[in-house]
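> Sequence:
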Amino acid sequence: MTEPRTTLASRLAARLFDREINHRVDLALAALDDTRDRLLRPIFAALPLSNTRDRPDGERLDLLRQSLEAWRTNPLARRIVELTSQYVVGGGIGLDCRHQTTRLFLQEFWEHPLNRMDSRIIEWCDELTRSGELFILITTDPAGMSYVRAIPATDMAEISCEENDLEQETRYVLQDGRSYRGRSALTDTNGLPPFILHYAINRPVGALHGESDLAPLLKWLARYSGWLEDRARLNRFRTTFLYAVTLKGSTSVERRKRQAELNLNPPSPGSLLVKDEAETWETLSPRLESSDANEDGLALKKMIAAGAGIPLHFLAEPESSTRTTAESAGGPTFRHYEQRQEFVLWMLRDVLQAVCLRAVRCGRSLDPKAAIEIRGTDISARDNSELAGAASQIVSAFSELHSRGLIDDAELLRLAYRFAGEVVDIPALLQQAVDNHPKSVENPVDKQSEFGS
Numbered sequence: 001m002t003e004p005r006t007t008l009a010s011r012l013a014a015r016l017f018d019r020e021i022n023h024r025v026d027l028a029l030a031a032l033d034d035t036r037d038r039l040l041r042p043i044f045a046a047l048p049l050s051n052t053r054d055r056p057d058g059e060r061l062d063l064l065r066q067s068l069e070a071w072r073t074n075p076l077a078r079r080i081v082e083l084t085s086q087y088v089v090g091g092g093i094g095l096d097c098r099h100q101t102t103r104l105f106l107q108e109f110w111e112h113p114l115n116r117m118d119s120r121i122i123e124w125c126d127e128l129t130r131s132g133e134l135f136i137l138i139t140t141d142p143a144g145m146s147y148v149r150a151i152p153a154t155d156m157a158e159i160s161c162e163e164n165d166l167e168q169e170t171r172y173v174l175q176d177g178r179s180y181r182g183r184s185a186l187t188d189t190n191g192l193p194p195f196i197l198h199y200a201i202n203r204p205v206g207a208l209h210g211e212s213d214l215a216p217l218l219k220w221l222a223r224y225s226g227w228l229e230d231r232a233r234l235n236r237f238r239t240t241f242l243y244a245v246t247l248k249g250s251t252s253v254e255r256r257k258r259q260a261e262l263n264l265n266p267p268s269p270g271s272l273l274v275k276d277e278a279e280t281w282e283t284l285s286p287r288l289e290s291s292d293a294n295e296d297g298l299a300l301k302k303m304i305a306a307g308a309g310i311p312l313h314f315l316a317e318p319e320s321s322t323r324t325t326a327e328s329a330g331g332p333t334f335r336h337y338e339q340r341q342e343f344v345l346w347m348l349r350d351v352l353q354a355v356c357l358r359a360v361r362c363g364r365s366l367d368p369k370a371a372i373e374i375r376g377t378d379i380s381a382r383d384n385s386e387l388a389g390a391a392s393q394i395v396s397a398f399s400e401l402h403s404r405g406l407i408d409d410a411e412l413l414r415l416a417y418r419f420a421g422e423v424v425d426i427p428a429l430l431q432q433a434v435d436n437h438p439k440s441v442e443n444p445v446d447k448q449s450e451f452g453s
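Position 339 of the sequence shown, counted from 1, bears residue number 339 in our numbering, the numbering being contiguous throughout.
Mixed in with the good hints there might be a few duds.
[What the hints assert, rightly or not] In silico lysine-lysine, PhoX-like type, Cα no more than 25 Å apart, as pairs:
| # | residue 1 | residue 2 |
| --- | --- | --- |
| 1 | 301 | 275 |
| 2 | 275 | 219 |
| 3 | 219 | 301 |
| 4 | 275 | 248 |
Simulated from the structure, these hints should not be mistaken for lab results.
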């Protein structure tokens, strides 16, 4: 009788006091949460705000490590990175500046044994493709000579920016605790502190970090490597086989006895085998089905080539037996390499301008505003020959119109450079010709202004 009374009392207490108890517990938990929040709020306030357009730091570092490991172990990944550097850098980078003193200083910086820019550019282009960003550390000696070093993206722990502009990066903190200023150090009047310049590709708008060209390919590179390894393992045992011996009307004891005899003295290759009708000999060998496997491997390789933006014949996989088809497939790839080359040339020009500003701070008589010209090699020699033919034909066709006064010098130059594939400032070219030969060349821009007046 005691147990039912206890159950009834508990039910009655729950009905009367359960809501109040839950309310008191909720208030206690809320007070505990508020206290914990007040204690942790200063800690969270000191932490940098995360950028929602960037990957989480753990995922980003893991992706960088995977890209580096793929470049080290996967031949396709290594080849994709090498192709980018071979087309972007090509035979080298040309440097020129009209200001004589500035040009000599830049050549000295370029060829300095601690810089070796001709070979360093290839390393930078590889790292840019592999990691998606470059952190260039620039240090300057009292004589005004600067030295550049690339810091691995995995060593970067934190990037601080202006509150109202993510593109104005002010400070970089490394994993070991070292801290460097950003571009603002160029205008610092207190000494010559080392600073970092940050360059990124494949960076979404509003993000701080770039992404590797290999990032979307890592999964497919791993799948292709696994598929190829399985096919190689199967192909290794392609010539192996087993004998399957069938004994008609035999018992299990007789079969085990016959198997023991054959295992003791297996038939050697080229030997004769005499048997009766009671035994049937067959061979079992692997069936590779190579035709089906070839389609599977080609599909994986197409996915890799599409992600890298290169045709299949760049990866030793001929798509067509005709040369014309293979050459036309390289058009989008060359455009991709041209865009990457423009970025690399701009990056080098920006580094050289920063180096010149540092040299001026040390008292060198340079012109920090002098135009620095960085030239890269042509991406495709075939395009050059086609453009040269087109330019020659268009100039020949429109020269007759120019001689009759139907078009002026500016229009003829515009057509010539357009079909030559070059983007130039036509008024600047005409003004330069007038300045160099004032008596023999008439500026059509001035002439048109006179007619208008």
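> All the hints need checking, so say for each whether the structure fits it.
Here is how each hint holds up against the structure:
1. 301 - 275: violated (50 Å)
2. 275 - 219: At roughly 54 Å apart (the allowed maximum being 25 Å), residue 219 and residue 275 break the hint.
3. 219 - 301: Satisfied, since the Cα-Cα distance of roughly 12 Å is no more than 25 Å.
4. 275 - 248: holds (12 Å)
Going down the numbered hints, you'll see the structure goes against 1, 2, while the others check out.
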